[in-house]
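Here UniProt numbering is used: the first residue of the sequence shown is 1, the next is one more, and so on.
It is worth saying that the hints were derived from the structure and are not from the lab. Some clues are possibly wrong.
As the list claims (entries may be wrong) - Using 20 Å as the maximum straight-line C-alpha spacing, the simulated PhoX-like pairs for lysine-lysine come out as follows:
id : residue 1 : residue 2
1  : 53        : 37
2  : 53        : 35
3  : 153       : 176
Unchecked claim - Label-pair distances were calculated between CB atoms; the ranges are:
id : residue 1 : residue 2 : range
4  : 422       : 346       : 21 to 27 Å
5  : 26        : 51        : 17 to 23 Å
6  : 95        : 349       : 42 to 48 Å
Values in this document were obtained by computation on a predicted structure and should not be read as measured data. All residues carry an ideal CB built from backbone N, CA and C; glycine is no exception.
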Amino acid sequence: MTFINATAPQIQCASRLRIIDVSVTGTTASLMAPKRKIQRLTCDNGLEGYLDKMETGCHRCRPGFFQLQGGPEIRNDNQVTGHNCIQAPQGSEQIDQILQIRPGFMVARSNLSTSLRCPNVMACPGGQLIADQGVRDMCEHGYEGRGCVNCQKSSHGRVTNNPFACAACAQRPFRKVFQWTWFILQNSGIFAISASGVLMVEQESYKSTILTNQLMSYVTVSLPVLTAVMYSQTFRNTAEIVQDLLHTLQIPVEIADSGGGLACSHTVKRSIKNSQAHGFLSSGIISSSIITSRLLPGMMLVLAAVARAEVKDYRFNACWVLRLHQICRYIGLKKTLYGTDVVFAATALCLMAILGWLVDFWSAVVVGFNCFLPRICFCLGRHLVCYRMLPQAQGGEMVCGFEEDAHIPKPMACVMMVVCFLVGAGMWAVLLRYRGDSSSPGVMYLTNAYTTECRMWEITVLLRKMALMAVNAILPVTLHASMQMECISMILLISLVMNHRCAPYVSK
């Protein structure tokens with residue numbers, strides 16, 4: 001016997017009821033009699049079995065409870081098998097047999113009563129769980145695992161500038177070659193332009209150097225702020241043409257502030273920008289020599305045009321530039337944060353060694369530290385990212401690192417980052433104190449734009465850049481947007497006060 005969309009109670013007897021098999025679809029069931037013998041009653045998904053002295057039936061869940069794991073069965077009037085109603089996740093909305101999950105949260109199949117907060121809002125689109133469709137995957141395409149913090153191993157890898165964002169790996173050989181080429185050209189090209197500004201320091205106007213440093217410092221800060229804006233609800237509600245315009249304007253800023261091609265552009269309707277400011281040029285090393293002033297704008301425009309063309313060919317979470325996580329995979333290395341750190345550090349050391357061989361050691365130190373040391377702090381900071389998927393009051397544990405990644409232990413990462421700050425400031429202090437009269441272009445660049453009393457001021461510029469990169473890494477915008485903005489504002493405020501009190505730049 002089958003009841004489909006029938007009004008309950010379906011059967012009601014005054015004394016005795018006997019049925020062998022009943023199946024209920026699309027409705028509740030109510031079989032009522034003082035004496036009943038029902039061998040099997042199969043309830044529809046979304047209902048729970050009910051037994052008492054007068055009734056055997058399939059009832060809807062109580063308010064605040066749901067059941068989507070499969071319809072229960074009642075056998076021989078005394079045994080209920082299958083799934084019962086469980087409490088709905090906190091913050092979800094329930095309408096009839098539809099459970100609405102908020103964006104930024106997900107529920108795991110193993111525990112549907114608990115909603116987990118995803119560190120990357122874009123990885124968890126939320127959505128509806130419907131009784132007749134069962135429990136579907138709650139992660140966006142390319143993400144998996146608890147809290148959607150892992151990337152699909154077979155097809156996706158982590159975006160280097162944000163460990164919580166995943167991007168599709170290139171499948172065609174041309175894409176793989178393009179990503180490797182972009183990585184090499186972007187690192188070596190920016191490094192070469194930086195080196196040219198240092199080597200031609202004698203031909204520089206100190207005013208141009210000061211203005212260029214200020215401009216690049218603005219670029220450093222503008223990118224994370226713009227990224228935070230793009231994560232707001234206001235941005236998602238704006239017209240598509242405005243979103244496209246913001247994305248296009250952001251591309252040259254990302255290139256100018258690039259730390260190895262680590263920015264990512266996403267399609268407008270399904271995702272938003274996931275970029276952090278982590279770059280070379282904003283460190284203050286780019287001078288305004290004739291070569292730099294001619295090459296940099298043209299280079300940015302060309303790369304922006306290429307990048308914009310690449311964006312059109314990609315879907316959700318597709319990067320238009322380098323993804324070190326995927327590049328490690330192309331050469332047979334494991335896709336881990338540790339592996340990307342090694343690749344970047346090896347590239348930096350090679351470029352510094354070439355410059356040291358061609359010019360001198362101290363010039364290579366100046367250019368290399370300005371270009372790469374802040375980025376190394378960013379790499380180390382990614383290993384310090386910790387988060388909770390549940391509030392601490394509900395038993396949420398602090399999670400650090402990622403399940404499938406080999407990562408540097410947290411204490412070791414902290415020590416290594418402190419060492420980077422000490423080595424960076426210490427090397428420059430030694431250089432300026434004991435080799436201040438050297439004819440090395442690197443030494444001349446560090447002191448050219450500053451007064452005699454503030455001849456070590458460039459150390460504060462380096463430390464500020466390293467601090468900004470550490471903040472961007474430890475507090476990703478997808479997880480701690482407000483705290484990241486507060487820390488950046490504090491660093492800039494301290495820098496502003498110091499510049500106002502000390503007036504370090506030469507006046508003529």
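Each hint tested on the structure:
For the given pair, residue 53 sits about 12 Å from residue 37 by alpha-carbon distance, which is consistent with the 20 Å threshold. The hinted pair formed by residue 53 and residue 35 meets the criterion: a straight-line CA distance of about 8 Å does not exceed 20 Å. Note on residue 153 and residue 176: the hinted pairing holds, with a Cα-Cα distance of about 17 Å set against a maximum of 20 Å. Distance hint check: the CB atoms of residue 422 and residue 346 are about 22 Å apart, consistent with the given range 21 to 27 Å.
For residue 26 and residue 51, the Cβ-Cβ distance of about 22 Å falls inside the hinted range of 17 to 23 Å, so the restraint holds. Remark: the range hint 42 to 48 Å for residue 95 to residue 349 is contradicted by a beta-carbon distance near 59 Å.
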